[in-house]
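Q: Spelled out, the chains give:
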Amino acid sequence: MNSINLKINGEDCPVDVKTHWSLAYVIREKIGLTGTKTGCEMGTCGSCTILMDGKPVFSCLRMAVDAEGHEWTTIEGIEGDDELHPLQQTFIDDHGMQCGYCTPGMIIAAKALLEENPEPTESEVRKAIAGHLCRCGTYVRIVKSIMNAAEIARS
Amino acid sequence: MRDETSIIGKSLPLIDGYEKVTGRLKYAGDIPPLQRMHYAKVLRSPYAHAKVVHIDTSAAEALPGVSAVITHKDEITGKKKTCNSPWHDFSFNFRGPMISQEVCYVGDEVAVVSAIDEDVAKEAIKLIEVEYEELPAIFDMEESIKPGAPQVHPWGPNALDPSVFEWGDIEEGFKEADHIIENRITMGNQQHAPLDRNSCMAHWEGDKVSIWTSTQALFWIRDAVTEFFELSPNKVRVHSTPTGGSFGLWWGNNFMFLAVALARKAKRPVRLILTRDEVMTTVKRREKPLIDAKIGIKKDGTMVSQSYRHLMDNGAYGNKFDPYQSVADIYTTKHGRAEFIGVATNLLPAGCMRGVGDLTLAYAMEQTIDMAAEKIGMDPVEFRLKNHWQTGDICHTSQEVLFAKLLFNKTPEVELTSSGLAECISKGAEKIGWKDKWKGWGKPSSVDGHKIRGVGMGISTHISGLAFFGFNGITLKVNPDGTMVLTTGIGRMGQGGDTTQAMVAAEVMGVELEDINVVDGDTEVVGHTMVTFGSNGMHMVSRATKAAAEHAKEQLLEFAAKELEANPEDLDIKNRRIYVKGTEDVGIELKELMSKPIYEYLAAPEVIGSASKGVEFHKAGKMMMADFAEIEIDTRTAQMKVIKFVAYHDSGTVVNPAVCENQVAGGYYQSMGLCTTENLVFDDETGAILNPNFMDYKVVGPMDMPDPEIYFGEVYDEDGPFGAKGIGEGVTCAVPIAISSAVYNALGVRIDPPMTPEKILDALKSKGR
Chain A
1 MNSINLKING EDCPVDVKTH WSLAYVIREK IGLTGTKTGC EMGTCGSCTI
51 LMDGKPVFSC LRMAVDAEGH EWTTIEGIEG DDELHPLQQT FIDDHGMQCG
101 YCTPGMIIAA KALLEENPEP TESEVRKAIA GHLCRCGTYV RIVKSIMNAA
151 EIARS
Chain B
1 MRDETSIIGK SLPLIDGYEK VTGRLKYAGD IPPLQRMHYA KVLRSPYAHA
51 KVVHIDTSAA EALPGVSAVI THKDEITGKK KTCNSPWHDF SFNFRGPMIS
101 QEVCYVGDEV AVVSAIDEDV AKEAIKLIEV EYEELPAIFD MEESIKPGAP
151 QVHPWGPNAL DPSVFEWGDI EEGFKEADHI IENRITMGNQ QHAPLDRNSC
201 MAHWEGDKVS IWTSTQALFW IRDAVTEFFE LSPNKVRVHS TPTGGSFGLW
251 WGNNFMFLAV ALARKAKRPV RLILTRDEVM TTVKRREKPL IDAKIGIKKD
301 GTMVSQSYRH LMDNGAYGNK FDPYQSVADI YTTKHGRAEF IGVATNLLPA
351 GCMRGVGDLT LAYAMEQTID MAAEKIGMDP VEFRLKNHWQ TGDICHTSQE
401 VLFAKLLFNK TPEVELTSSG LAECISKGAE KIGWKDKWKG WGKPSSVDGH
451 KIRGVGMGIS THISGLAFFG FNGITLKVNP DGTMVLTTGI GRMGQGGDTT
501 QAMVAAEVMG VELEDINVVD GDTEVVGHTM VTFGSNGMHM VSRATKAAAE
551 HAKEQLLEFA AKELEANPED LDIKNRRIYV KGTEDVGIEL KELMSKPIYE
601 YLAAPEVIGS ASKGVEFHKA GKMMMADFAE IEIDTRTAQM KVIKFVAYHD
651 SGTVVNPAVC ENQVAGGYYQ SMGLCTTENL VFDDETGAIL NPNFMDYKVV
701 GPMDMPDPEI YFGEVYDEDG PFGAKGIGEG VTCAVPIAIS SAVYNALGVR
751 IDPPMTPEKI LDALKSKGR
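Protein sequences, first through last, are from chains A and B. Counting in the working numbering, the first sequence runs from 1 upward without gaps. Counting in the working numbering, the second sequence runs from 1 upward without gaps.
Just so you know, the hints here were simulated from the structure itself, not pulled from any lab data. All values reported here derive from a predicted model rather than from experimental measurement. Note that CB positions come from ideal geometry on N, CA and C, so glycine has one too. Just to be clear, a hint being listed does not mean it is correct.
What the hints assert, rightly or not - Computed cross-link-like contacts, BS3-like style, restricted to lysine-lysine with a CA-CA straight-line distance of at most 27 Å:
(1) Lys437(B) - Lys375(B)
(2) Lys127(A) - Lys175(B)
(3) Lys55(A) - Lys26(B)
To be verified - What follows is a list of derived Cβ distance ranges for each label pair:
(4) Leu61(A) - Pro162(B): 44 to 54 Å
(5) Glu83(A) - Lys574(B): 46 to 56 Å
(6) Gly392(B) - Glu115(A): 51 to 61 Å
(7) Lys122(B) - Glu11(A): 50 to 60 Å
(8) Ser3(A) - Met695(B): 27 to 37 Å
(9) Thr637(B) - Pro118(A): 33 to 43 Å
Let the sequences and hints guide you as you build the complete structure.
A: Here is the structure:
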């Protein structure tokens, strides 16, 4: 076991990890933030996406033991005190989800996009979520949710 | 008659949307571990067919941290069959024992271990010594049904008894025909491939077991565990969580029962969570079809006779032997025959996946019908408009007819309640621009250098539930402030079933959707509800939801009548207020009524509406789909892409347009996958699946295809609550034929799914391009 301190959503999370544990596993199973999903555990579905210092990464491909010294943001860390993040609100309003399993990863990827590019085109939105699967096939409305959130954030 | 509604017909947000966007929604794998819980891992067979002649688990059991190991040697897992008759099989997993000494496919369970953590469980699995005696395996349906073929599993024949439907005089029918067209189709192996990896947590307290798993089959799991472990239903409590997609995958599956057996032996809670590989190689896939179709038509395009022989590859433990739906009726003919035969192979078990038999049979029928139309030089749109199913027609191949025969030895007639096909076909054709793009059979719409375009279309139908899925018991409780709690066993697989059921209740009760909480997924709390499959939710379950709400409303109006000194029948509710019809300013707020003490009782009222309703099967509401595709093939790369796709569907009243559009889009993307890149590849030598992950089994992604254009017909189904029919499954059914037909018209060659570049290249070569 290795004792490390992970900074997640602005909080210190001291945790003992084995060297082969992925960051996604530790976030879910040891820290208890189960909003981060693990659909494939091999970097092919996008559902475990979290932010590393503001950039989206697949947390299933990161080793927990190597995760100290970064600011990590999960889906649990993006809403404000009294209100949802605009992306969360537009995903609800525009039905940007069906089963909801891909939703946290999609929202995290979209958040990173909008911070870098507040006025994305539809094609830029699609590229930003290109590594994310939605098996329910909700792409039309996921893209719409992200475009509308961008517009709300700008106004 | 169309109702005036204030909730039904609006794209209201999902009631669990907040939980989903904040990551708070708990799928089975997200439920916090119970105290003392152990983790399970499965040892699986590397052989497609073998006998376990020796198994030594002593080293695994001796490993510190291991709590239990189960194998075929255990009484409960190895000796008893999980079901006794193929049709009364709750688990839809006709597999003999839970762990068989004779393993029947690569991935079949050999042993299961529980340990203090997953690392120890994995270590223990490696310490189990197994000696196998390989047995002959069979991977091909046609080989499997030949006399003398090796037996796939030890307890029965390779082919189940066929289910046969006949009407009119089939031979006479073909004699009447001017043209007879025969055709054979098959498809690849599609897998449900939901993103979620399911898990099952089981915990015994004395002789009572509690189970937590993601499923669309709440009561089936309870009943299967009850039957198998010989318990009373009041000793089995199943908690079902939403599924991270299901599409037919998460019913009663063997891994759930293994967790239950293991937890009992380990004397502690046990959780088994599947890996991605296990989700794709050890649960289920869509049945691969092999269909021989024969259609007889008159010179003028009138269909007179149709016959189908539908083989379904069930894999090692699937048990499909019936059509499940009634697609063969979509063209009404005087004479017909449909035969369905489930065939076992030593491959991954197969079972229902979204669209099931309607997708496969519609594909076979529609392609054969295209060939018939081509024979007489008729436009496919015209042919379908001439022959399609209409309101009041008879459903000859309905599964209900089969079940009436099996259970009561009767052959009743089932009548179709509504058909919007005429509208869907003709308006869909307008939307795709059929008149301009259709140039005749096997003729491209346009050729631009190396790019060839073609158009195609197809229709299908799908059940909106079946009566024998059972009764629905629903309650609606009114809180002191006028908010309400709806209890239902409806599954939550992303189809928004909880939202749309709550919309039905809110509509009846004259309140807002946000006023209604839904409690679901607990067999000890909610009434028996149909397993959420076969698109039964809106057409069937909501009959009980509506009736429960009407029952609650009746009670409310009686309390209000006393308060307002009026007759209950003169009252109604809207905008959370009960009022006197005609003099709307006389009334009382729901909140006031529910919180105000009544003199006789010195207490405020309590209102609980309830209803338990079965569905009479003599009339059947089916959804109808007409899909149109325009595709483009690049002759240099043999790549096919969709340029435009129009889905024109009849689901009766569209209860929540956003939910329904998402369903249609999802069905399109999934069937698009079936047509192009989705195909489980089985190794010819071993029967092992070679692509059990999203890298190699490619699901359609956000960059892959254009979005479909979606339209709904103006249809009101008199039997459906508020005129609604089903939607969830049928959305996949007509996509493959529309695409395949478009490819035919572009290339002049018929290609079955998956339509890979390799097959397209061969087609191009055969045409000298």
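Q: Against each hint, give a clear statement of whether it holds in the structure.
A: Status of the hints after comparison with the structure:
1. For the given pair, Lys437(B) sits about 20 Å from Lys375(B) by alpha-carbon distance, which is consistent with the 27 Å threshold.
2. Of the supplied pair hints, the one linking Lys127(A) and Lys175(B) is violated, its CA atoms being roughly 58 Å apart against a limit of 27 Å.
3. Only pairs whose Cα atoms come within 27 Å are accepted, and Lys55(A) paired with Lys26(B) is accepted, the gap being roughly 26 Å.
4. In this structure the hint that Leu61(A) and Pro162(B) lie 44 to 54 Å apart at CB holds, the actual value being about 49 Å.
5. In this structure the hint that Glu83(A) and Lys574(B) lie 46 to 56 Å apart at CB is violated, the actual value being about 30 Å.
6. Against the hinted window of 51 to 61 Å, the Cβ-Cβ separation of Gly392(B) and Glu115(A) comes to about 59 Å, which satisfies the hint.
7. Judged by the Cβ atoms, the range 50 to 60 Å given for Lys122(B) and Glu11(A) is violated: they are separated by roughly 31 Å.
8. Taken as a hint, the range 27 to 37 Å holds for the pair Ser3(A) and Met695(B), whose Cβ atoms sit roughly 34 Å apart.
9. Remark: the range hint 33 to 43 Å for Thr637(B) to Pro118(A) is upheld by a beta-carbon distance near 37 Å.
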